[in-house]
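Colleague: For this one, chain A is given, so just place chain B on it according to the hints.
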Amino acid sequence: VSNKGIFRGWDGSHLNRGSGNNNAAWGGHGLRTTRRYTNEPLIYVPIDRTTGATMPLIGASIPTTWTADQQPTATNDMSGKGGSVVGPNRQFIPSDGSVVAFSIDFSYEANAVVTSAIFFYDYDAPVINALGTIVEGAARVYGSKVSGQPGTMSFPFVRTGGKNNAQVKYAVDWVSGTSTAYVYVTGYWVRA
Amino acid sequence: VKKGIKRGWVRRSRQKRLVYHSFGGGQIFAYGTSPGGSDGSTTGADLTVRLSRPLFNWEHDASDERYPAVPADGSIRGVSLSIIARNTTNVQQDTLYVFDYDDDTNVIGGVASGRGYGVYFGKVAGHYDTLSVPLVRTDTAGRFKYAVTWTAGTVAYYIRITGYWTEEVA
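Residue numbers (my numbering), protein chains in the order written: chain A, -4 to 187; chain B, 269 to 438.
The set of hints was computed from the structure by calculation and includes no laboratory data.
No residue lacks a Cβ here, since even glycine has one placed at the ideal position from N, Cα and C.
Heads up, some of the hints might be wrong.
[Claimed, not checked] If you want the ones that stay clear, here's a sample from chain A, every Cβ over 12 Å from chain B, calculated: (1) 40; (2) 52; (3) 66; (4) 68; (5) 89; (6) 98; (7) 101; (8) 128; (9) 131; (10) 149; (11) 175.
[Said to hold, decoys possible] Coverage of chain A stretches by chain B, computed from C-beta distances (three or more under 8 Å per stretch; other residues unrestricted): (12) 113 to 121; (13) 141 to 147; (14) 160 to 168.
For reference, chain A alone in the conformation it holds in the complex:
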């Protein structure tokens, strides 16, 4: 230990340098110096699911409006989109770049007897560099081993990025037939 002054006796072992392999103190212990997006406190803003309201819809129907293959693709910019309830309680996804992540509901089905699925990735997931390949690290739901039978999942946290910080990435393991997916933003996370 060669540190002097206020660092005397401190060997840096609790410093998270963000190497991905030096995180013994990960979780808020020691110094919080890197990867702010992982450690910082976040606040969740739900989009009210009032009776009759529709969540902001990312998209539906594959392959007509979605990419019909395994290529990871960014969704459209969801900022400014809101629920269908008109009035003071209507909530909109911010356009100021403050969103950190979405929570989403998604369901997926095909009209053919296939095993297929839809995947959602953090926007900053490196999968975008592996076009045409679906990899681990995705929220996923399988559908349609039975024709027309949807699978559904609610997932709490998919990191956003891109335009207005309001895009996520997705991929579809499409095989045959026409797949349909409904993907709703049910809330978003902002920094505390």
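Modeller: Below, chain B without anything else, positioned relative to chain A:
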């Protein structure tokens, strides 16, 4: 009603604010078939409550810096999971359960009571069902409990870690 210095005191384990660390959409942690094969850490063809392996030595994809190694300092309080299962056969109904580590009702080696989170599957042969679970409490090694029901056919199940929780440090 507690008096004196314990007035207003409740189990702090339930009161601490928690910090969430996302693993993105999740990386595979445990998978297997029932009855039969497994990933070496799991499984059986019944309702037996099993203990997951420790999380901190989990060999996930550490090459992706967004998914840092899980702390081994005992700071883990819970995990978030994505659980998926199906059966090759059309059965009455099977379930994949996950339980808090400190769930006193579901004892390791005992029979699952049905308490906890569960995803139902198997009513339609081959069809996957999925559940995202935001918080399953663990011990300080990041272990939780789970169980798989099985009636016929072959069950395939997958448990992915989508993130973990630590206590907030002031």
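Colleague: The structure should be examined with respect to each hint, and the outcome stated for every one.
Modeller: Hints and how they fare:
no. : hint       : result
1   : 40         : holds, 15 Å
2   : 52         : holds, 19 Å
3   : 66         : holds, 17 Å
4   : 68         : holds, 15 Å
5   : 89         : holds, 20 Å
6   : 98         : violated, 10 Å
7   : 101        : violated, 10 Å
8   : 128        : holds, 14 Å
9   : 131        : violated, 5 Å
10  : 149        : violated, 6 Å
11  : 175        : holds, 16 Å
12  : 113 to 121 : holds (count 7)
13  : 141 to 147 : holds (count 4)
14  : 160 to 168 : violated (count 0)
Violated hints, in rising order: 6, 7, 9, 10 and 14; the structure is consistent with all others.
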